[in-house]
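Undergrad: All chains should be built: construct the whole structure from the sequences, respecting the hints.
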Amino acid sequence: MSPELDPAVRAYLDRMREELSDLPAAEVGEIVDDAGAHVAEVAEEMGDEFSAAALTGRLGTPEAYARELRAAAGYPVLTAAGYPVLTAERPSGTAALAPRFTLWALVACTLVALAVPITRDHDGMELFVLACLVGAVAAGLVFAHRPLVGEVTALPEAVALRDGLRRVAQSDAGRAVAPLRALQPVWWLVRAVVIAALGVLLSGSPVVLLVSLALAALSLVAGVKARTDRRWLWITLPATGIVIGFLLALVGSVLFRSAAPTQVSYNPQPQLPDNVYVFDKDGKPLTDVYLYDENGRPLDSPWYGCGENRGRPDNQYPKPRVSQGENGCEEVRGAPFAVVIPSTAPASTTGSTTTAPTTTTAPPVTSTPPPSSTVTVVPTT
Amino acid sequence: MDTSQLLKGVLDLAVLAVLRKEDGYGYDVLRRLRQGGLGDVGDASVYGTLRRLYNAGLLTSYVVPSEEGPHRKYYSLNEPGRARLLESGRIWRSFARTLDDLVGEEA
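From first to last, the protein sequence lines stand for chains A and B. So for the first sequence, the UniProt record's numbering puts the first residue at 1; every next one is plus one. So for the second sequence, the UniProt record's numbering puts the first residue at 1; every next one is plus one.
These are computed hints drawn from the structure, not numbers from a lab. A virtual CB, placed ideally from N, CA and C, is assigned to each residue, including glycine. It cannot be assumed that every hint is accurate.
[Said to hold, decoys possible] Just the calculated beta-carbon pair ranges, DEER-fashion: (1) A:L218 with B:L6: 49 to 55 Å; (2) A:A53 with B:L6: 28 to 34 Å; (3) A:E27 with B:Y62: 14 to 20 Å.
TA: Structure follows, in structure tokens:
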């Protein structure tokens with residue numbers, strides 16, 4: 001096994017890179033390449049005695065190594081607190097506008113990319129598009145103006161962020177997951193595949209498919225590049241955000257769907273609309289009507305009156321309407337609309353004059369003996 | 001006085017001098033300095049110094065592929081580097097003589 005690929009060597013170089021991260025990316029890349037050859041050679045010299053601890057014993061911590069190198073190379077040196085003391089003044093006031101915009105655009109864009117698939121909020125699309133635009137402007141700025149990355153990393157908030165990340169990385173938990181860094185290329189691949197799959201899923205249009213394939217390829221390249229050139233972070237972080245957001249949403253929906261059958265139960269109560277308006281044959285609205293089903297059970301539905309936040313279920317219809325007027329909440333009785341009952345039955349059109357003929361035609365109907373019990377009851381009463 | 005304090009000021013000169021006869025890569029330069037008697041020189045300091053001299057345009061570099069292990073970046077003196085070495089060497093000798101005289105009387 002080549003010592004260059006040893007995880008301990010890689011971890012050492014990553015920490016060194018972190019320590020130098022306020023310097024121009026190209027410079028950091030060359031330094032770490034040079035020092036990487038050195039560290040690898042030292043590791044090889046050690047042979048069987050090689051270990052992360054032995055490496056640190058021989059060369060000092062990566063941070064100390066980076067600081068010494070930085071001092072000898074005449075780069076801006078770090079104070080004890082870890083803040084770079086730049087020979088050029090640190091960006092402040094209006095000079096800090098561009099780097100500050102660039103940094104926060106990256107943060108916002110990543111968070112929105114993460115949140116939109118999780119919330120599946122369609123109103124969020126506008127926010128997402130806005131974040132994409134802002135992120136694209138920020139990425140354009142960084143790529144057009146290389147030194148901007150250095151200015152961004154020198155911002156106090158960026159320094160604090162980096163210190164925080166470093167502390168996490170050096171904590172026990174951080175050390176435990178450090179070997180996972182070796183799996184980074186796998187993640188780049190997964191990310192690219194998910195981005196391409198999103199393009200296929202979200203639209204059948206070949207243009208969108210081509211764009212998503214291009215974006216997938218870009219994210220793959222950006223993953224490799226971002227290791228040495230921090231400008232690519234403006235592509236990798238939002239891409240990571242949206243893919244993680246999508247994967248979380250996917251996991252969430254799978255869990256929800258698998259749990260769903262246990263939640264569904266047969267509900268014998270028929271579904272009722274919130275309110276029911278009943279009219280008689282003349283189209284006159286009826287009030288205080290009580291509804292029951294075929295088993296004599298009341299057809300309750302909840303009603304939320306003014307100042308009540310818990311629904312009061314009963315089967316009295318129509319329920320008063322609640323409207324928010326100028327005088328606050330009001331409960332309005334009566335139907336909000338009028339109806340015309342269609343004149344399909346000839347009896348209703350002729351009115352009371354037809355009552356006589358219907359009664360005269362009634363005897364022949366009752367004279368035929370139907371087996372219905374209700375009819376037999378009528379003559380006895 | 002700590003040697004490392006002294007070294008800082010003269011490391012440029014030492015590195016340029018080591019590269020005068022033969023090109024070298026970082027670790028090689030480090031070893032030659034140590035063999036030459038500068039045991040206290042720090043690894044990172046040598047790499048930093050090489051980087052600074054390179055950025056100042058006093059060195060050129062080229063990469064030599066290596067069969068085993070990483071590729072090596074060799075540094076060599078260019079014309080400005082040689083000129084700097086001559087000038088720094090002259091200043092150093094004059095400075096060393098002066099200091100020799102001073103310290104020699106006291107010690």
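Undergrad: Each hint: holds or not?
TA: Cross-check of the supplied hints:
Between A:L218 and B:L6 the beta carbon distance is about 52 Å. The supplied range of 49 to 55 Å therefore holds. Between A:A53 and B:L6 the CB atoms are about 31 Å apart, so this pair conforms to the stated range of 28 to 34 Å. Between A:E27 and B:Y62, the C-beta spacing of about 19 Å keeps the proposed range 14 to 20 Å intact.
The earlier numbered hints are all upheld by this structure, with none contradicted.
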